Amino acid sequence: MSKFKKKTSASQDIPTSALPDIIFMLLFFFMVTTVLRETDLLVLQRIPQAEQLSKIEKKSLVSYIYIGKPKEIERYGSEPKIQVNDVLIEPEGIVQFVNQEKDKLSEAERDQITMAMKVDREAKMGIVSDVQQELRNANALKVLYTTTPEANVQL
Amino acid sequence: MARKKRGAAEVNAGSMADIAFLLLIFFLVTTTIASDKGLALRLPPKPDPNEPPPEVKFNERNLFKVLLNSQDLMLVEGEPMDDVGMLKEKVKDFVLNYGNNPDLSESPTDAVVSFKTDRGTGYEKFITVYDELKGAYYEIYAAELGITPELVRNINDAEPSVQARYDELRKEIPMQISIAEPSKAGGGN
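Protein chains in written order, with the numbering used here: chain A, 1 to 155; chain B, 1 to 189.
Honestly, the hints are just simulated from the structure, not real lab data. Please read these numbers as outputs of a predicted model, since none were measured by experiment. Every residue gets a Cβ at the ideal spot worked out from N, C-alpha and C, and that includes glycine. The reader is advised that the hints may include incorrect statements.
[To be verified] Among the chain A residues that face chain B by a calculated CB cut under 10 Å, a handful are: (1) Glu51; (2) Ile56; (3) Asn85; (4) Val87; (5) Asp120; (6) Ser129; (7) Gln133; (8) Tyr145.
[What the hints assert, rightly or not] Straight-line distance between alpha carbons at most 27 Å, and here's what the computed BS3-like set of lysine-lysine pairs gives: (9) A:Lys81 x B:Lys125; (10) B:Lys116 x B:Lys171; (11) B:Lys37 x A:Lys142; (12) A:Lys55 x B:Lys46; (13) A:Lys118 x A:Lys59; (14) B:Lys46 x A:Lys59; (15) A:Lys81 x B:Lys116.
For reference, chain A alone in the conformation it holds in the complex (with noise of 0.2 Å):
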């Protein structure tokens, strides 16, 4: 009898003190790979939705244009407004904006640069097309007007 209760004596636990490395090294995981929003946006942000997306392949060539109403209506008037980095700015201030954002790339990139374009779906083209033409200026020929994917995929 002896015999047999001494196999059962060994521990039942199973060891759980890897588990905290295991979640520690998804956190450190996410930590990295997400990106804190450097920008503060000061115009309302609602992006329409589509269906035909692209991806950007080279992230580093991205800058962002903000287009929407401001958030502080008193401050800044109820008429969509430009922001880029973390000010507002007049169509004109977009060449000298994209000249600023080349200047940050390399020699060889700085045709490959894009410009993501997010918009707030009630804002008019007639703005949107102002800093298109800024843009042809500024010779920044690549645009993305950033989406969101469809809630409802149609099949």
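Fit chain B to the known structure of chain A by using the hints.
For chain B alone, kept in the frame of chain A given last:
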């Protein structure tokens, strides 16, 4: 000397996993994963002021006109259209006509889809229509390649043989969507 056998000294680390989970969930909730997806567009280069504008010889039948006015109403080839969903089929018929119907395009290479808006047109409507126009072309490519439109859009992940065929196809049936400068009729800003 009947000494009790002791197990290895262990710290109870079970709650540590819980703490790490809490941290993980906190990060998942607070960070927004940057969504860099959208509708790509290539603007035409700025015309050279020293050179006269190139003369465009254009056959009316090769132009598929889509107009959006400031009330977000759509005019397709001179006919008002309410349902955006019908646009795709019309574009497909137009591009893949190969000269059969005298009202539609002569060949896919000549076919140009012209999309004109007003300054007062809503951006959301613009995106919806532009999405449909691009979708029509992607569906044409998908049908030719025998794959789904989703695969066409992410063609970079596909195998090289498909990629090569796709490049050829884009020369045969180029995606020519011209976005005209908006008119000022509707005011807007």
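Query raised in the report: Straight-line Cα separation of Lys81 of chain A and Lys125 of chain B no greater than 27 Å?
Result: The given pair, whose Cα atoms are some 19 Å apart, holds under the 27 Å limit.
**Report entry** Status of the Asp120 of chain A interface restraint (C-beta, 10 Å, chain B)
**Finding:** Holds - the Cβ of Asp120 of chain A comes within 10 Å of chain B, reaching about 7 Å at its closest.
Requested in this report: Quickly compare the C-alpha distance for Lys81 of chain A and Lys116 of chain B to 27 Å and report which way the hint goes.
Outcome: This hinted pair holds, its Cα atoms lying about 23 Å apart.
Query raised in the report: Hint check: is the beta carbon of Glu51 of chain A less than 10 Å from a beta carbon of chain B?
Result: Constraint on Glu51 of chain A satisfied, holds at 6 Å.
Query raised in the report: Against chain B, with CB atoms and a cut of 10 Å, does the hint on Ser129 of chain A hold up?
Result: 5 Å, holds
Query raised in the report: Are Lys55 of chain A and Lys46 of chain B close enough, with their CA atoms no more than 27 Å apart?
Result: 26 Å, holds
**Report entry** Per-residue hint verdict: Val87 of chain A, partner chain B, C-beta under 10 Å
**Finding:** With Cβ-Cβ at 20 Å, over 10 Å, it is violated.
Requested in this report: Would you settle whether the hint for Gln133 of chain A is holds or violated, based on the nearest Cβ-Cβ distance to chain B being less than 10 Å?
Outcome: With a minimum Cβ separation of about 8 Å from chain B (threshold 10 Å), the hint on Gln133 of chain A holds.
Query raised in the report: Taking 27 Å as the top limit, are the C-alpha atoms of Lys116 of chain B and Lys171 of chain B close enough?
Result: 25 Å, holds
Report task. With chain B as the partner, please determine if Ile56 of chain A meets the hint condition of a C-beta pair closer than 10 Å. Result -> 4 Å, holds
Query raised in the report: Would the pair Lys46 of chain B and Lys59 of chain A pass a check requiring their Cα atoms to be no farther apart than 27 Å?
Result: The given pair, whose Cα atoms are some 25 Å apart, holds under the 27 Å limit.
Query raised in the report: Taking only the CA atoms, is the gap from Lys37 of chain B to Lys142 of chain A under or equal to 27 Å?
Result: Within the cut-off at roughly 14 Å; holds.
Of the numbered hints stated above, those contradicted by the structure are hints 3, 4, listed in ascending order.
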